[in-house]
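J.: Listed here are the chains, written in short residue letters.
There are 2 protein chains.
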Amino acid sequence: MTKVINKLNLKEACIHAARAVIAEQGVEGLSMRDVARKLAISHQAPYRHFPSRNHLLAEIMRRCFEDFADFLDTTSKAQPADELGAMSQAYMQYADHKPLEYRLMFGTPWPEPADHPDLVKHAVHAFDLLRNNLLIRNAGHPDAKKRSEFQALFIWSSLHGLASIKHANVMQHLVLSHGVENQAQDFMLEMIDAALVSDRDAFFERSDAA
Amino acid sequence: MTKVINKLNLKEACIHAARAVIAEQGVEGLSMRDVARKLAISHQAPYRHFPSRNHLLAEIMRRCFEDFADFLDTTSKAQPADELGAMSQAYMQYADHKPLEYRLMFGTPWPEPADHPDLVKHAVHAFDLLRNNLLIRNAGHPDAKKRSEFQALFIWSSLHGLASIKHANVMQHLVLSHGVENQAQDFMLEMIDAALVSDRDAFFERSDAA
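Respectively, the protein sequence lines represent chains L and W. Position 164 (the first sequence) corresponds to 256 in our numbering; numbering is contiguous. Position 127 (the second sequence) corresponds to 219 in our numbering; numbering is contiguous.
Errors might be hidden in some of the hints.
Said to hold, decoys possible - Simulated pairs of lysine-lysine, DSSO-like, Cα-Cα distance not exceeding 30 Å:
hint	chain 1	residue 1	chain 2	residue 2
1	W	Lys-258	L	Lys-258
2	L	Lys-190	L	Lys-213
3	W	Lys-130	L	Lys-258
4	L	Lys-237	L	Lys-130
Calculated from the structure, these hints are not laboratory results.
Bound-form chain L, shown alone (with noise of 0.2 Å):
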């Protein structure tokens, strides 16, 4: 490993490192001792460039949420006719292709985020292009806001649940009828529209009253 710390800085090296431990060991297995073990340097090295393993944790992080952020703008932006279901398409394409990455920002436990604010913003981000691309189709509703944000976070959960059950390889055991496993998600995006479209007034007048 000696070539990359020439190569590449002692930090971008720490992250490298970590994300090696993480791919052999889950994060769960993340050490700086481990870190500095694969570089064949001190153990303290790891700790000039950052305070602490959460510290090098949030910052592989941070960095997965902004390549993701990135990769959903410029998918959906790609096909303005259809946005949201050009965004839906392209997070599962991401947790299809980027499984590391994906099981870092949304199937591990998150570093305690009061010291990591950037991470936060990061994550939000990706957030907010759901959220914002919803406002625009909510608007005209007085309550467009709330509404976007409840819609939003159905659209993230089904997609997500979704994705985790395809990393989990638990599908080719239910003895599905053919077709079922590889069609699931043109199905779960129908599901999303269909259940957008429908009215939920009577939903949102009780939740204004909550």
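Position chain W against the provided structure of chain L, taking the given hints into account.
T.: Chain W in isolation, oriented as in the chain L frame:
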């Protein structure tokens, strides 16, 4: 822990200790060595009951699925008028109250299931509670089986996604309007209902042809 081993048998003590290791270090951190250390027994002793770490893990997961399916079944039978709604509520309740068990079943990679048919059997049984409920609702449709499977995957994905997002404690950072976090689950159950009653015949026709 010696008292525990006297009281229960060694097999149960291993399971008990393994759950404690998982709670402390995550499932990736589970090793037979840790289990033995926790029980202050020889490193070889746990192998008397479990050929490998994965067999031990599979038995823990199998019991989780058994407990989970019992809970879903009992709770939904208690509300025959809206069994599906009751089952969904029960699902979310279980995820809230037993986060460790929930994450074990649905949030971590399974041990290679070829060796663990009982684990698969119990997991599929839990899914079948949902699938069979939908099968009754879809009775009369020529494609009732396939339709029920698509719907079951959609419902499960949505519930699982929301449960995971709740566990990650991420909602607090999204600066949501008042009431949205607390009512996100109720809203999602309404969206699922709305999606289920919508006519998706065109999708199922395409799906038959695929």
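J.: A separate judgement is required for each hint: does it hold in the structure or not?
T.: Here is what the structure says about each hint:
no.	hint	verdict
1	W/Lys-258 - L/Lys-258	holds (19 Å)
2	L/Lys-190 - L/Lys-213	holds (21 Å)
3	W/Lys-130 - L/Lys-258	violated (34 Å)
4	L/Lys-237 - L/Lys-130	violated (48 Å)
The structure fails hints 3 and 4 (numbered hints given earlier, in ascending order).
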